[in-house]
Amino acid sequence: MTSELLCFVILELIESECEAKSKEESEERKIEMEVEAPTMAGSTIKLTVKFGGNSIPLSVSPDVTVKDLKSLLQPITNVLPRGQKLIFKGKVLEDTSTLNQSKLGDGAKIMLMASQGLHQGEGPVLKEASTRPISRAVVSDKAEHTKPGLLVDKNRTDRWKATGVIALAQANLKEIPEEVWECGSRARVLDVSENFISEVPARISSFDSIHKLFLQGNALSDESIQWEGIASLKRLMLLSISHNNLTVLPSEVGSLTSLKQLDVANNKLTSLPNEIGLLTQLEILKANNNRISSVPESIGNCSFLMEVDLSANIVSELPETFTKLRNLKTLEVNNTGLKTLPLGLFKMCLQLSTLGLHNTEITVEFLRQFEGWDDFDERRRTKHQKQLDFRVVGSGRFDEGADKSW
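Residue numbers (mature numbering (1 follows the signal peptide of the UniProt record, and there is no 0)): -20 to -1, 1 to 386.
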């Protein structure tokens, strides 16, 4: 081999080696850029959280912690952060780790598993399922094919007018029949629960002597209820509007000054209006299974309240004005974000004997530090003993209270 040819071969080898090294360095830089890109200032990553048959898309900073991500998921899924288990590629994510440290990149898919009993509502809120009980919906679907409509004869309307009781529950109704409105001031009770009614018209105001109004289990929304009409019912003592699609309880409800029982459970309410404090005759308030995050201080004006149920909401504290509810006997706040109670609750609410605190941050040891605890505990035990003496309930009821044996 000539010296010129040898030099040419050596040069080719050197150039080939340099190209390979340059390509390798380029690939390394590319990989480094791909890893570091999510951490650049202002960047976000897109995640998908699988839960309850739903896919929840999220855009978050890779610098947030897993704990922060759980807090973000709480109002979307109605599952308390401590009840969430996030799994990525078969590994449970640690609360203290950032998403970047957990190697979660753009497009990552995470599975959310919820511990039983730590739902704040009834399953994931994403799914727009009917709020009507499943068994009722199945029956109604069948009825829709077998019962074309409600035929109201004269005998029936005469009976309504004579008794004042209009009973039309589970009648497969899509609207309140025209014949109902003929009762006017004679109506004392209207029960159109468990139907498919989507509107309460302003003419409801013609029932100016009505005492009880049952609207639960229908297809009512914020826009489909003429609250001005309901607000004019000054003699109304019971309003049940649970299992509908309400997101707001309007201020007009404060006009129902004769109201003793209000049931707005199983809707999508995010708050209670300040005007709730105008219901000074109210004895029972059921607002469980909503998305309520706060309770107005004005509730302390409802001095006749005996039973309050705020379970399965995202409320994190109760106002100190709860201590003004001297007639309060039952307080249910299970499956909420509560970490404490109004300090004077046991000392001032001397009728309180039932307190539901399951799946909250509150423990029995914590409660024992409250002034008035011993007297409350004695009332609670006495109540249960009376129930046992009369064989009202079994021993299964003794788990009432916080998440530990009393």
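Honestly, the hints are just simulated from the structure, not real lab data.
A hint or two may mislead.
Stated by the list, open to error - Below, computed lysine-lysine pairings styled on DSS-like, alpha-carbon distance capped at 27 Å: (1) Lys30 <-> Lys141; (2) Lys366 <-> Lys47; (3) Lys309 <-> Lys366; (4) Lys192 <-> Lys71; (5) Lys266 <-> Lys214; (6) Lys30 <-> Lys248; (7) Lys309 <-> Lys363; (8) Lys319 <-> Lys304; (9) Lys83 <-> Lys47; (10) Lys192 <-> Lys134; (11) Lys240 <-> Lys214; (12) Lys309 <-> Lys319; (13) Lys134 <-> Lys65; (14) Lys154 <-> Lys83; (15) Lys266 <-> Lys309; (16) Lys83 <-> Lys141; (17) Lys65 <-> Lys47; (18) Lys71 <-> Lys47; (19) Lys83 <-> Lys134; (20) Lys319 <-> Lys366; (21) Lys366 <-> Lys266; (22) Lys30 <-> Lys69.
What the hints assert, rightly or not - Each pair of labels, with its calculated beta carbon distance range: (23) Ser165 <-> Ser273: 24 to 34 Å; (24) Gln331 <-> Val40: 26 to 36 Å; (25) Thr143 <-> Gly324: 40 to 50 Å.
By construction, the Cβ of each residue, glycine as well, lies at the ideal position given by its N, Cα and C atoms.
Lys366 paired with Lys47 [C-alpha distance capped at 27 Å]: violated, 45 Å
27 Å Cα cutoff - pair Lys83, Lys134: violated, 72 Å
Pair hint outcome, Lys319 versus Lys366 [Cα-Cα no greater than 27 Å]: Answer violated: Lys319 to Lys366 is near 31 Å, above 27 Å.
27 Å Cα cutoff - pair Lys309, Lys363: Cα-Cα ~11 Å, so holds.
Proposed proximity, Lys214 with Lys240 (alpha carbon, max 27 Å): Holds - the C-alpha atoms of Lys214 and Lys240 are around 12 Å apart, at most 27 Å.
Pairwise hint evaluation, Lys71 against Lys192, where the allowed Cα distance is 27 Å at most: Not satisfied, since the Cα-Cα distance of roughly 54 Å exceeds 27 Å.
Given hint Lys141 paired with Lys83 - CA-CA distance at most 27 Å: Outside the cut-off at roughly 70 Å; violated.
Supplied distance hint 26 to 36 Å, evaluated on CB atoms of Gln331 and Val40: Violated, since Gln331 and Val40 (Cβ atoms, about 47 Å apart) do not stay within the stated range.
Straight-line alpha-carbon gap Lys309 to Lys319, limit 27 Å: holds, 21 Å
Given pair status - Lys65, Lys134, alpha carbons within 27 Å: violated, 60 Å
Restraint check for Lys192 with Lys134, where alpha carbons must lie at most 27 Å apart: Within the cut-off at roughly 23 Å; holds.
Verdict for Thr143, Gly324 (Cβ pair) under range 40 to 50 Å: holds, 47 Å
Hint check: violations occur at hints 1, 2, 4, 13, 14, 16, 19, 20, 23 and 24; the rest are consistent with the structure.
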